[in-house]
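Working from the sequences, and respecting the hints, build out all of it.
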Amino acid sequence: MSLKYAYYPGCASQEITKESDRSMRKVAAALGIELHEMPGANCCGAGLLTDYDHDMMLSMNARIFCQAEEMGMDILTICSTCLMVMCSAQQELKNDPEKLKQINGYLEKAGLHYKGTVEIKQLMWVLIDEYGMDELKKRVVKPLTRLKVAPFYGCHSLRPSEVLGYDDPDKPHSLEAAIKALGAEPVEYSGKTRCCGFQVDLVAHDVAVEMTGTRLLDAKGASADCIVTPCPLCHINMDSYQSIAEKELSKDIDLPVLHLSQLIGIALGLKESDLGLSRNLVSPERILR
Amino acid sequence: MKIKFKIKRYDPHSPDRRKSYMQAYDIEAVEGMSVLEGLLKISEQLDTTLVFRKSCRSAICGSCAMTINGRSKLACNTQILPLQKKHGEVVIEPLENHKVLKDLLVDMTDFWHKLEKITPYLTPPEDVDTERVQITKEDTYAIDDAQKCIMCGSCNGACNALEIDKHYTAPAALAKSWRFVGDVREGESNKRLMRLSEDHGVWSCVRCGHCTEYCPKHVKPLTCIERLRDRAIDSGHTDNMGARHVNAMVDSVRKIGRLDEAAMMFKTLGFIRSLGMIPLGLKMQLHGKMPGIMLFPTIDGIDEVKAIYQARNEDKVRERLAREKKEKE
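Taken in order, these protein sequences are the chains called A and B.
The numbering of the first sequence is the numbering used here, which starts it at 184 and goes up by one.
The numbering of the second sequence is the numbering used here, which starts it at -10 and goes up by one.
In short, the hints are calculated from the structure, not lab data.
The beta-carbon is built from N, C-alpha and C at its ideal position, and this holds for glycine as well.
There's no promise every hint is true.
Computed list of lysine to any residue pairs in SDA-like fashion (alpha-carbon distance at most 20 Å, straight line) [as the list claims (entries may be wrong)]:
no., chain 1, residue 1, chain 2, residue 2
1, B, Lys30, B, His2
2, B, Lys43, B, Trp101
3, A, Lys430, B, Leu271
4, B, Lys74, A, His356
5, A, Lys284, B, Lys305
6, A, Lys201, B, Trp101
7, A, Lys354, B, Arg60
Here chain A is said to cover these stretches of chain B; the calculated rule only asks that three of the stretch's residues, wherever they fall, bring their Cβ under 8 Å from a Cβ of chain A [unchecked claim]:
no., segment
8, 148 to 157
9, 194 to 207
10, 220 to 231
11, 245 to 255
12, 263 to 274
See below:
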């Protein structure tokens, strides 16, 4: 069975969190998942376009969907916020023919037309539903035995569940399933499904930092060796901002944070340089041993 | 079926019980039985000291919001057996982000105070007879969801921004704000939007989505907040970091089709505040992570993006003019 997707890494993973994109490509290659480039795909708006104008957000996302439709593939993204924005745009365009007609009116000015057929997925969903956890287990050459991993879902993998419709936001399971398949032990803690604060990093910096620090301390308090997240934006806060959170909260945290693709890559025995591990600000050195 | 209820207890007046503790009760639950019925059974048959708030028992009065297995829910419209099946236990705690008075009873003073601050009633222009204003189906549709609020506090209890920022206006009062800003009869929308654009207002939402997820009446507070933000920018309240952040994003997408992280930061924070980011920037640079000061490449097919942007924006302006004309009439 060959899995192929129109690959949408999102803006963050093309720049600040390049290691997420890099490791995803290597992991996909190792698993035999085809990622097809979407040259010229625009930004989904990360929620901010909705704040400017909801229909502008729908129009810009419809342009992305047109390309995937042309390619005859569903979209695979490695950013939770892109996932939530695209899923909500797609749901609205699919369920509201009048709205689709209005948005197609704008797309026509660019010579485009969207039929409304594209689905949007993220790595965990694809691994569980399409690739199969048993298949993933078979490819593990370096099981992460005795590693305690705190899953950090990120808001936009879970909520609104009406839009995303995969994990139960009260009791999600997909990240835990992936962690177990790699031989590691998922850690239960109350920050698991909460917010990292990324959306207010610039607007209310202190709030964002305290929120990030609270989640990190929560995971550390549950004896986690590291955190894993499917969202590059959560990764920016929890990894890049970790030293600021330590200072603000006057607490020692020192907890490595991995992208989901990095954690999988480690278990698949991929080279550290291929996974961009040196780009993580909090060194994941200790969990590699 | 025998079910164990684990309930968080707290009594501020008991000298040896200053701290909260968990207490378990076994009750017999049948299919269709609500958590509230379970609590009533406990207070009637097992422990008369258990305190909780309740009234209508049919999800209308908004009295019995509490934290059930970690989430804000109404006890009266949450069934026991599905909870037990999903979580393997039933754990009941007071609503989060509110001061606990006793057991499951929380102080709603802050909640009401936040609502009072946004002027929770219609303020039409003095010379307008509101009963003669023509209201279309679209007009009612815009605020339909927001009108369903029963003020139970579930959204504020679940709000992650309020967890950290106690001064945040929070989803309940923001959804209520949209109910009036979005009402065609309202005369003070501009003043409301100006106030909401200040600190701890619409721009303090972290977009975690808990409010929309756990509102028992499907008010969708997050959508209300997005509409307020859109309207605030449209009304010219752009001299704040939140609006600058959005405008920088729109500019970036329109010009190069993607996010220009460095420009976003400078445009949002301004020059002086951006200087404060230098230490972190240097640290990130050591790991090859400094968002490029270099120019971000423009995406292929940017002309398509520009054409779509222009087409939609022309409609947006038309919509605004139509709205303003209606407001004047």
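Exercise. May I ask which of the numbered hints given earlier this structure violates, with the numbers listed in increasing order?
Key: Those not satisfied are hints 1 and 6.
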